[in-house]
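Undergrad: Spelled out from the first residue to the last, the chains are:
There are 2 protein chains.
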Amino acid sequence: MSAHIVLTSHPARGATGANASHAVHWGAETAQARGPLVASVANPATRNVIGTHAGAYSVYRALAVASGQLQRDHKPDLTDTTPAEAIGPHPQWAEPGKIVSLDPWGHLVASEFKAQIAEGMDIRPTIAITKAHINMPELVGAIAAGRLHPDGDILQANGDVKVTKAAVDPVWHLPGLAERFGIKESQLRRHLFEQTAGMFPELVTRPDLKVFLPPIGGMTLYFFGDVTKLGRPETKVACRLHDECNGSDVFGSDICTCRPYLAHGIEVCIEMAQQGGVGLVIYNRKEGRALGEVTKFLVYNARKRQVGGDRAETYFTRTECVAGVQDMRFQELMPDVFHWLGITRIDRWASMSNMKHGALVEQGIEVVERVPIPEELIPADASVEMDAKKAAGYFSTYTPDASELAVAKGRGLME
Amino acid sequence: MSAHIVLTSHPARGATGANASHAVHWGAETAQARGPLVASVANPATRNVIGTHAGAYSVYRALAVASGQLQRDHKPDLTDTTPAEAIGPHPQWAEPGKIVSLDPWGHLVASEFKAQIAEGMDIRPTIAITKAHINMPELVGAIAAGRLHPDGDILQANGDVKVTKAAVDPVWHLPGLAERFGIKESQLRRHLFEQTAGMFPELVTRPDLKVFLPPIGGMTLYFFGDVTKLGRPETKVACRLHDECNGSDVFGSDICTCRPYLAHGIEVCIEMAQQGGVGLVIYNRKEGRALGEVTKFLVYNARKRQVGGDRAETYFTRTECVAGVQDMRFQELMPDVFHWLGITRIDRWASMSNMKHGALVEQGIEVVERVPIPEELIPADASVEMDAKKAAGYFSTYTPDASELAVAKGRGLME
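Each protein sequence line maps, in turn, to chains A and B. So the first sequence is numbered by full-length UniProt numbering: it starts at 1 and just counts up by one. So the second sequence is numbered by full-length UniProt numbering: it starts at 1 and just counts up by one.
If you are wondering where the hints come from, they were derived from the structure by calculation, not from laboratory data. The structure presented is a predicted model; accordingly, all values stated were derived computationally and were not measured. Just so you know, nobody snuck in bad clues.
Copies of one chain are not kept apart here, so a pair can be met inside one copy or by any two copies together.
Taking lysine to aspartate or glutamate pairs in the DMTMM-like style, the calculated list, with each CA pair at most 25 Å apart, reads:
1. K75 x E313
2. K75 x E112
3. K162 x E138
4. K184 x D208
5. K162 x E376
Just chain A, same shape as in the assembly (with noise of 0.2 Å):
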C-alpha cells in the first residue's frame, strides 16, 4: 500500500477521468450506450461517480478495513445474486428527465456489464432485487376479521404473504436534479458542499462528474401480485408510499399513524394482487421528515411542553423552530421510482399527503383514488398530527376549523 494519500478534489495524474472511454451519458437507451457507473475505492482512477457505494456503510467498510478484516481493494462476488424478478427496461428509463435519483440500470449491472466486470472492473449492483415471505401481527388480525381472505397463494391462511421485494440505493445526476428543482447545477452543487461541511468536494471541484451516490438511506420495494405486469397499461396497481418513521413502525409508538397506515396500505396492496393487479409499498429512509430521530425528539418534547399544551395549531411552528423547516422529504424525486417501474397510473393510492399527491401529479402520474387510513386506526395521541396536517391541506372528507385546532389534543409529555 502506497504511502502517499491521494485526496479527490482533483483528477489523479494520469487518470482518465470522466472524459475518456467510461464517461456517463445518463438517460440513453441502452446500459451500453449510458455506460457503467463506477465508484471503486479500489481503483480510483476508473472512477466516473462522486461518491461511494453502500453509502454512509462505507463508514462501516472503512473500519473493516482498518481493522485488518477486510481487503482494501475486495470485489464482490456477484455468482447467483441477479434479480429474482425483471424489472424493465420501460420507456421512461430514457425519456429526458423522468429518472434523476436513481440508476434504472442498478439491478443489472452483473448482466449487462458481464464483460467489464470480467476484464476487472469494478461495478456494483444498487439495486437488489429478492423474494420474501412476510409475517405481520396486523395482517393476522385483518384475517380473523374478514377484512382479509386467505388464497393459498399471495396470502396464506396463517398469515404469511408472498413479496417481491427489492433495494434501492440513490443515484443522483446532479443536472437533471438541479432541473427538478428549478434552480442551477452549480447552485445545487455548493450547497450540497456546504451543508454536509465539505464532504465530498468534487462536488464542487469536478463539474465534469455529473453522477452522485449520496451517502443517504434508499428505499425498499414490496411488491404484492406478478411484478412482471408493471408497465402494461391494464394492469392495476395499489400503492402505499412510507416514509420510514422508526418509532411507530417498529415499537408501535401511538405518537403518529405511522404503522397503522403501513399495516393499512399492505392490506390494500394484498386485495389488488388477489384481483389480478399489483401491491406496491415503498418504504423510504427519511427518519423524521428527513430530519433525523434526535431533532424528531427534540420536537416532541417541545410540542408536548409548550404553554396551551401539544395541539394543531402550533404543530408545524415547533417544527420549523428546532429545524427551520416543516419538513425535509423533498417528495420532487419521489416519482422516479414509478417510472422506473413504469407505472403512469395508481389506481388506489393509500396516502393522504397533499405533497405525495402533488409530486406525482407534476410527475404526470395519474392517481385515480386516494384512500384514507380508515378512522379506527388513528391513536388517540395521533390526532393533533392529523388535525394539522388535514388544516395544511391533507386529503380528507373533513377539514378541522381553528377552533378545533386549538384544542390540545395530545398527551403531556410526562403523562
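Assemble chain B onto chain A, guided by the hints.
TA: Frame of chain A, contents of chain B only:
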C-alpha cells in the same frame, strides 16, 4: 452570500482552529472543561469537529437550502427541548477510553452551554430524550397468553407501554477509536477517507481536529421503568441490544429472528421494570450487519440459488463472497452506551451473539444471565441462520454438528 467557495481541507484564513478557545478536551470531568463541540455550517470559522449534525440528513438540509426553503444560517431554537428524564453525569464519562463513540454531554448542550448559545454560538444536541407510549401486537399477544401482566402503570391492559426514549447520534473521538481497535490514528483516518471515496478530506489533512461526526445512523434507546435508577449498583437491568433489520423489524420477513427476538426482549424488559429494575432496548441503525440492504438482498439471492440450497454450512461464506467480510457491525464500540448510562452489570441479557457478549466483557461490563430466544419464536426459514450462528459460537444449549449444517433448511428463492 459570498461567491467564493471555501474548501475545507485546510484551516480557513483567519480561522482560530481547534487550538484556540474552542479546543475540545475529550473526557474532561465537566462539560465546560470539555468544551462545546461546534459543527456549525453557518459559521465555519468556529468549527472544531469534522462533519456536521444530523449525519447523512445534512444532504437533505442542502436540498432545503438549495431550493430556497431553509436559511443557510438557520440556528435551532432549543426552547422546551431539554431531556424529559435526567441521565448522568456518571463517573464513566470522565474515565479514559470508556466513551469514544458518542458525546456524553450530547443531551445537555442547551443547559451546559447556555451562555455560549446566548452569545450566538451554533451548538446543537447530539442526543434527545423524550417520553412515549408504545404498543406492539406481540405484547398484546403476550398479555393474552398470560406471559405479561398489566400493572396499570408501566403496562396497560390494552398493551400500551410507557417508555422513556433517547435518540443518540454518533460522535467519534478519533484517537480513542483508534486505541479501541488497537491501530494508529493516522491509519484509521486514512481508511475512513479512502473507503468513503474521499468523504471529508480533513480526516487526513487536519490532524488537529480530533472529533468526527460520521454520517452514519445512530441508535435509539427505549427505557422501561425509572431511568434515574441507572448507575446505582443495586438496580437490576435487563437489556436487548438490537441491530436494525428493516425487513423483519417492520415487515416480519421470516428469514431471520430479528423482530421475534426484539419483541421477546421487550417482554423481558417490561418484566424487569415491573420488578423494580430497569429494562433497556438499544436499537442500532446498522442495517444488514452494517452492509446495507442492497448487499443483504444480493446475499439472500446467492444463498437461495447456490447448488445444494440454503443451508447453515455456507451461510457465512455467501456473505463473504459478496461483501468480503461476514459482518461489519463492529461491536467494539457498542459498550460505550452502557458506560454513558452508568451500567456496570446487566442482569438479564436478551441476546445470543458471542460478538456482542465478548465486546461487553472486554469493556468490563458483567453479564449475569444470557436469555436465548425461545425456540417457538424462530420462523422455519430462519433456522439456516440460527444453526450457522450456533455453530459459530452463538450462546445456546445445543450446537448443531456438521451433518446437520449440511442439510438445506431454507426455502428456495422462487417458493
